[in-house]
Every structure is written in structure tokens, then in C-alpha cells.
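Enquirer: Just so you know, the sequences run in chain order C and R. Quick note, the first sequence lines up with residues 6 to 339 if you use my numbering. Quick note, the second sequence lines up with residues 1359 to 1617 if you use my numbering.
There could be a bad hint or two in this list.
[Claimed, not checked] Not everything, but these chain C residues come out facing chain R in the computed CB check (under 10 angstroms):
hint	residue
1	L38
2	T75
3	N168
4	N169
5	G173
6	D263
7	E278
8	T298
9	D300
[What the hints assert, rightly or not] Stretch-level coverage of chain R by chain C, calculated; a stretch enters the list once three of its residues show a Cβ under 8 angstroms from a Cβ in chain C:
hint	stretch
10	1378 to 1390
11	1394 to 1402
12	1513 to 1526
13	1532 to 1539
[Stated by the list, open to error] Quick list of simulated restraints, FRET-style, between CB atoms:
hint	chain 1	residue 1	chain 2	residue 2	range
14	C	A132	R	P1467	45 to 51 angstroms
15	C	S200	R	I1455	57 to 63 angstroms
16	R	P1402	C	E290	50 to 56 angstroms
17	R	G1392	C	E271	25 to 31 angstroms
Just so you know, the hints here were simulated from the structure itself, not pulled from any lab data. This structure is a prediction, so every number in the text was calculated from the model and none was measured. C-beta atoms are modelled at their ideal positions from N, C-alpha and C, and glycine is treated no differently.
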Amino acid sequence: MLLKVCKVIAIFIFLHIPAVSAKQPIVFQLDWLPGGDKSPVYVAIQQGFFEQAGFQVKVLTGRGSTDSITRVASGQAQFGFADIGSLMAAKAQGEVLAQAVLPYFTQAPHAFYILEESKLTNISQLAGKRIATSPFTSSNGFLPLVLEENGLHASQIQLIKANNGALGPMLLMKKVDAIIAWTTNTALYQDQARSAGKKIRVMPWSEKGLSLYSSSLIASEKLINTDPEMVQRFSEAFAKAIKFAYENPAQAARNVHDLVPEVDPEVAQGQVESSYNLVFNLVTERDGFGKYTKDRLNTTWQYVSKANELSVDALDPATVVPDFSLSEKRTQGQ
Amino acid sequence: MQKPHKLNSFIGLIVPWTFWFSMVLVWELACQWGEIPEYILPAPSVIWQAFLDVEFSRWLGHLWATLRVAFLGFIISVAVSIPLAIIMMRSVLIKRILYPFLVVIQSTPVVAVAPLIIVLLGTEDSSRILITCLITFFPVVVSTTTGMLDTPEELIELSRSLQAPRYRETWQIRMPYALPHIFSGFRVAITLAIIGAVVAEFVAAEEGLGYFIQFSTSFFKIPQAFAGLIFLACVSLLLFKSIQWIQAWWFPWSMPSEN
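Using the sequences and the hints, build the whole thing.
Expert: Here you go:
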């Protein structure tokens, strides 16, 4: 009898322990606070995409791309969101053990926001105007480049640095002529403007000459080298979640809200919709979804190296992504 | 003789409350009549509504996350600071070695080192507790050392003439004399502990009142951010008063006399 009981227990343990341990625990590092633009990771959890791929994912909030890259490179997280430009700049200046494995924003989210009532219609009219930006945004590095693309020099505008939360009110109170912010927050700024009885207009830099890769799924380089199959499996589940989120923005927003109650579903939906053109656009139509191309990586690095005053030779941009994330395979010796 | 005392305590209670109520009323009226936009300065009624709009269980969750870090940081810093102060009081040489080091730690902006601490210790409570300790320990060390050195010299001489051991001199003479100073240090430290916990939450956290305020600001929910801020201020005030109550309860003789 005792033997039978032991056998039953042994079978139970055999059947159940592997089932529990089969889910690989993953720490996912966001580059900022949760919101609609970060919805794919929450969608992947809530819709079971990660679970089906064999992952149990814990999401941590971050405070910028540098923060996220540091934590992924140091092994505190296995995957994360980060701007590929920040990753390139970091890798050009030292050994950073992280790589970008999946493009998320194939266009940069930087933009000028102006009041609808303003007479400004293009960037070249910003000469002599007061423009507010937050002190630590990566947009600041790209500002001289987008101005240059539009025939202006950085010295021709008056740049004011202020806390991110103060930018909208400064614009609405006409303390400045324009602000620099990400298009992911268009819905939030429009809401704020509506409450003041005003309308705002967005001038995305991607439509004004600054076309480059931006937010990406990054992974620990150690993990990529030791278990590339697992990284690919995670990337595929993530890609599936991106598509789901942008096909079903309301559901994606609810998924974020379910895991982070602080996020309003309406606001999150607005953010998903505001981010659509960054994820699906002419670049993804031309190059396909979910793969990097060497040409665009080169273009991105050209902009990033200029913005960060780094030598173009300091980095081979193709080394920032693993082979399996490139649309065309590397040739020998590259 | 009883009547004027009662009247004084009544006035002492009513005047501050009337003052604060008037301030809130002026704020409310200024926002409504002056048509101050909500994203600049929300009216108290709007802030109150924003407070009610957040489920109470969520407030409690954030409060607990902040208090857990603040309390643990405060307790650890007290546990480290008092023995450190005793050692520094007993040995001038150690004081000369340690004091500049402590001043350097205190004058280093914690906001600047916080990201490094997070990278070293991870994103769990331990890193936030260390950040809180770094902010809180200094006032406790300084006030305890000052208090113990402030003991009347004749009492020390008396204890030495009676050949009292050093530990009795410390615990039975110097410490009681230092208590008002120590509690002053505690009062400063407990409010700094809240600031430390919030600073740490700004750098890395998944919950807490600092995280909540940062979250609200990033989503332009200014009334909600104000609600979080006022809630935090009330918690700080309550903790500050709690230290006073503990002192009055356990060491009533050490309370400063109120005129």
C-alpha cells in the first residue's frame, strides 16, 4: 500500500514539477513607465503569447533608454525596450553587453508641437522662436540635425529646458512657440489642449527629414550567445503581440490597465493609436516587419553619431543586432 | 487660574485650524474666480475628487510600499547611527577619521548616486532602503554626538570619581542628557526617510507614493499628482508627530517645555 502511495506521489511530482519549471522566468525592463506605447509586453502576457512560447514574464518600469540598456547589459533583466540610437552610442563608447533583436518603432517619435492657431507651418519658420524641451530627452541630440535638414542652424532658435510635465502648459500659455515631445504622447497633449479650449498640431521629425530606427526590443548579449533559439522564440512572441496590439488598440489598452491599474484604458488606447505610424509605416512596407536592414542601421548610426558627436568609424552599426535579426544575412568576414 | 489656561488651549487649537482652512478656501476661490487652469494649479475640490477617484486599496498599496522602505531605512539608520555616535564621542581620533567621511556622504547628492545603487543592488527594496539610509543617518549621528558631548562636565567627573564603568557613564548619564537632541534628530530623520523613499521610487520602483506622483505627472494628471503629494505631506506630518508622541510617552521628562 505504502509503495503504491509512493508511486502515485512520484508520478504526480514527475508530471507536475516539469510543468511548473517549464516556464522560463524572464525579467522585462521597460525604458519608461507603463503606457499604451508599451502595450505589446502587457498584451503578450495577457493574451498568453509569452506563456505559449514558454515564458513567465515580470515587467519592471524604467527611467529612460540608458537605464534600460544598463539593466539588460548587467543581467538584471534579460529583455527590454530601448532606443537603438542610445544602444549604438553606448556600444560605440564601451563594451555594452546588449543587442537589439527586434525593431519596434521604425520611425523616430521626435516631434515639434505647436498651437493650431499658430502661423507656423514648417520647421524653417522656427528661426528666432522660443522652443521648450525636457532636459534629458534624446530628442535634444537630434534637434540640430532636423534643423539642419530644414535649412536652420541650432543657434537660430531659442531653446528652453524645462521639466517634461511643464512643456504642455508652457505651450498652452504661449510662454513658448513650440515644444519638443514624442508623438507617442499626442493624445495626452491633445487632451490637455482641449481642457484649455485649444488645439495643437504635431510636426513629426520623421516627415521632415529625420528618418531612423528608434525603440527596439533589446536582449542580453550573453543570452543571445548562449541561447539564440530562446531569444528568437521570445522575439516571435513579442512580434505577435505588437501586431495584436495595433490591430486591437482598445483590447491592448485594457490589457495594460489590467496589469497596471494606474493606466487609464482611454489614455492608453490614445497612445497606441498615436504610435501606430511609428510601428507600421513605409519602412515596414518596404523592408518587412520585424527585421532590421543594414542600410537603415547605417542611416540610423549616421544620425546618432552626429547627434552624439561620435566618430562614424567608432562602430559598425550591423554589430548592434544579431545575425538572425537582420533581413539580409551577413557575409563572411563582415 | 483654570479658565485662562482652558481658553488659551482652545485658542491654540482653533487658530491654526482656522488659518489652514482659510488658506484652502483662498486657494479654492482663487482657482475658481481667477480661472486658473487645472494643469497649472488645480483647486482643492478638484484634488479631493482626484483623491476619491483612485481606489482606496490602491492608495493603501502605494502607501505601504513607501512606508515599508521609509521605516526600514529609518530603523537601520538609527541602528547604525547611535553606536557610531557613541564610538565618535568616546574617541576623538575615530571622530576625526569618520566625521569628514560622513560629511562627504551627506553632501553627495543622493539623486546622483541612486541610479548606481540600483545597478549594484538591483531594483528590489534593498536598494531603496540603502538610499533612504544614506539620507537619514546624518542628522541622527550629529544630534546624538552633540547631545552626548553636551552632558554637564561635573556629572561626568562625579561618575568617574565613583569609578563607574564607561558603559554606565554612556547609558546612564550621557544618553539621558542626549535624548532631547536624539529625538530632534529622529524628527528630522523621519521626514528625510520619506523623502529618501520617494527619491528612490523616482529612480526605480513599481509602486509607492513617489512612483504614483511620477506616474500621474507623466500622464498629465496634475490633480492626481497633487493628491499624491498632499497625501505624502500628511503622512510625513503624522510620522513627525508620532516621534513627538513616542518621546512624550516614553521620556516625558525629556520634552522641551512649551511657553
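Enquirer: Next, verify each hint and record whether it holds.
Expert: We went through each hint and held it up to the structure:
1. Interface restraint check: L38(C) against chain R, minimum CB-CB distance 5 angstroms, threshold 10 angstroms, status holds.
2. Checking T75(C) against chain R by beta carbon gives a least distance of about 6 angstroms; that is within 10 angstroms, so the hint holds.
3. Taken as an interface hint, N168(C) checks out: its beta carbon lies about 8 angstroms from the nearest beta carbon of chain R, inside 10 angstroms.
4. Below 10 angstroms, beta-carbon pairs count as interface contacts, and N169(C) has one with chain R at about 7 angstroms; its hint therefore holds.
5. Checking G173(C) against chain R: minimum C-beta separation of about 6 angstroms stays under 10 angstroms; hint holds.
6. The restraint placing D263(C) at the interface with chain R is violated, with a minimum CB-CB distance near 14 angstroms, outside the 10 angstroms limit.
7. The restraint placing E278(C) at the interface with chain R is violated, with a minimum CB-CB distance near 16 angstroms, outside the 10 angstroms limit.
8. Hint status for T298(C) relative to chain R: violated, with the closest Cβ pair at about 33 angstroms, above 10 angstroms.
9. A cut of 10 angstroms between beta carbons decides the hint on D300(C): the least distance to chain R is about 35 angstroms, and the hint is violated.
10. Counting residues of the stretch 1378 to 1390 of chain R whose beta-carbon sits less than 8 angstroms from any beta-carbon of chain C gives 0, not enough to reach three: the coverage restraint is violated.
11. Coverage of the stretch 1394 to 1402 of chain R by chain C holds [criterion: at least 3 residues with CB-CB distance below 8 angstroms; count 4].
12. Note: the stretch 1513 to 1526 of chain R has 0 residues with beta-carbon separation from chain C under 8 angstroms; the three-residue rule is not met and the coverage is violated.
13. Against chain C, the stretch 1532 to 1539 of chain R contributes 0 residues with a C-beta closer than 8 angstroms to a partner C-beta. That does not satisfy the three-residue criterion, and the hint is violated.
14. Our hint of 45 to 51 angstroms for A132(C) and P1467(R) is violated, since their Cβ atoms are close to 38 angstroms apart.
15. Distance hint for S200(C) and I1455(R): a CB-CB separation of about 58 angstroms, consistent with the stated range 57 to 63 angstroms.
16. Hint check: P1402(R) to E290(C), Cβ distance near 52 angstroms, so the stated range 50 to 56 angstroms holds.
17. Hint check: G1392(R) to E271(C), Cβ distance near 29 angstroms, so the stated range 25 to 31 angstroms holds.
Consistency note: the structure conflicts with the earlier hints numbered 6, 7, 8, 9, 10, 12, 13 and 14.
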